[in-house]
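J.: Sequence:
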Amino acid sequence: MILCALENAQRYEACHHLLHLGFEFLRATDLCQLDEGKIDIRGAEAFAIVATNQPRGIERAKLEAHRRYIDIQVVLEGTDRIGWRTTRQCQVVHEAYDPQTDLSFFNDPPELWFELTPGNCAVFFPEDAHAPLAGEIVNRKIVVKLAVESV
Numbered sequence: 002m003i004l005c006a007l008e009n010a011q012r013y014e015a016c017h018h019l020l021h022l023g024f025e026f027l028r029a030t031d032l033c034q035l036d037e038g039k040i041d042i043r044g045a046e047a048f049a050i051v052a053t054n055q056p057r058g059i060e061r062a063k064l065e066a067h068r069r070y071i072d073i074q075v076v077l078e079g080t081d082r083i084g085w086r087t088t089r090q091c092q093v094v095h096e097a098y099d100p101q102t103d104l105s106f107f108n109d110p111p112e113l114w115f116e117l118t119p120g121n122c123a124v125f126f127p128e129d130a131h132a133p134l135a136g137e138i139v140n141r142k143i144v145v146k147l148a149v150e151s152v
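Residue numbers (this note's numbering): 2 to 152.
In case anyone wonders, no lab produced these hints; they're calculated from the structure. All values reported here derive from a predicted model rather than from experimental measurement. Some hints could be false.
Claimed, not checked - Derived pair list, reagent style SDA-like, types lysine to any residue, alpha-carbon separation capped at 20 Å:
#	residue 1	residue 2
1	K39	L77
2	K63	E116
3	K63	G44
4	K63	D109
5	K63	F48
6	K39	A52
7	K63	F115
8	K39	L104
9	K63	V93
10	K39	E116
11	K63	D129
12	K63	K39
13	K63	G84
14	K39	Y13
15	K63	N108
Start from the sequences, fold in the hints, and give me the full structure.
T.: And the structure:
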């Protein structure tokens with residue numbers, strides 16, 4: 002997982018060949034003007050989803066993990082409380098991996114919690130189980146999805 006100010010994200014672009022593309026999209030776009038829905042960046046290799054999200058609260062938040070995509074999450078309005086735990090430490094499967102949705106869910110508790118606020122980003126790799134929307138307020142967020150392997 003990477004947690005940083007969006008203005009410093011270029012420091013991490015060498016971690017994966019598509020991170021530059023994702024961060025460049027975030028830097029070059031007026032994010033607050035985006036309509037909700039899916040945005041094509043580079044077909045199945047890179048796209049974004051803008052959504053207004055209802056909070057789940059800590060009690061209902063489940064750790065989720067993806068195998069095919071890296072997430073870059075940026076809060077546009079409000080905040081997002083997110084839990085994190087390495088997938089290697091997740092042992093209680095709630096929903097097995099579904100290749101159609103690229104999701105698996107776990108009942109393990111997060112190892113740590115943090116607040117994602119506007120101007121910052123969180124990057125989740127396949128080894129990063131994360132429990133978003135665990136706060137108490139509605140947020141508006143963009144999630145950039147980057148293919149782990151070339152499509």
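J.: Against this structure, judge whether each hint is valid.
T.: Tested hints:
1. K39 to L77: holds (16 Å)
2. K63 to E116: This hinted pair holds, its Cα atoms lying about 16 Å apart.
3. K63 to G44: The given pair, whose Cα atoms are some 29 Å apart, is violated under the 20 Å limit.
4. K63 to D109: holds (8 Å)
5. K63 to F48: violated (24 Å)
6. K39 to A52: This hinted pair holds, its Cα atoms lying about 9 Å apart.
7. K63 to F115: Within the cut-off at roughly 15 Å; holds.
8. K39 to L104: holds (18 Å)
9. K63 to V93: holds (11 Å)
10. K39 to E116: violated (24 Å)
11. K63 to D129: holds (13 Å)
12. K63 to K39: Given that 20 Å is the threshold and the Cα spacing comes to 23 Å, the pair is violated.
13. K63 to G84: holds (9 Å)
14. K39 to Y13: violated (25 Å)
15. K63 to N108: With a Cα-Cα distance of about 6 Å, the restraint between K63 and N108 holds, given a limit of 20 Å.
The structure is inconsistent with the numbered hints 3, 5, 10, 12, 14, although it conforms to all the rest.
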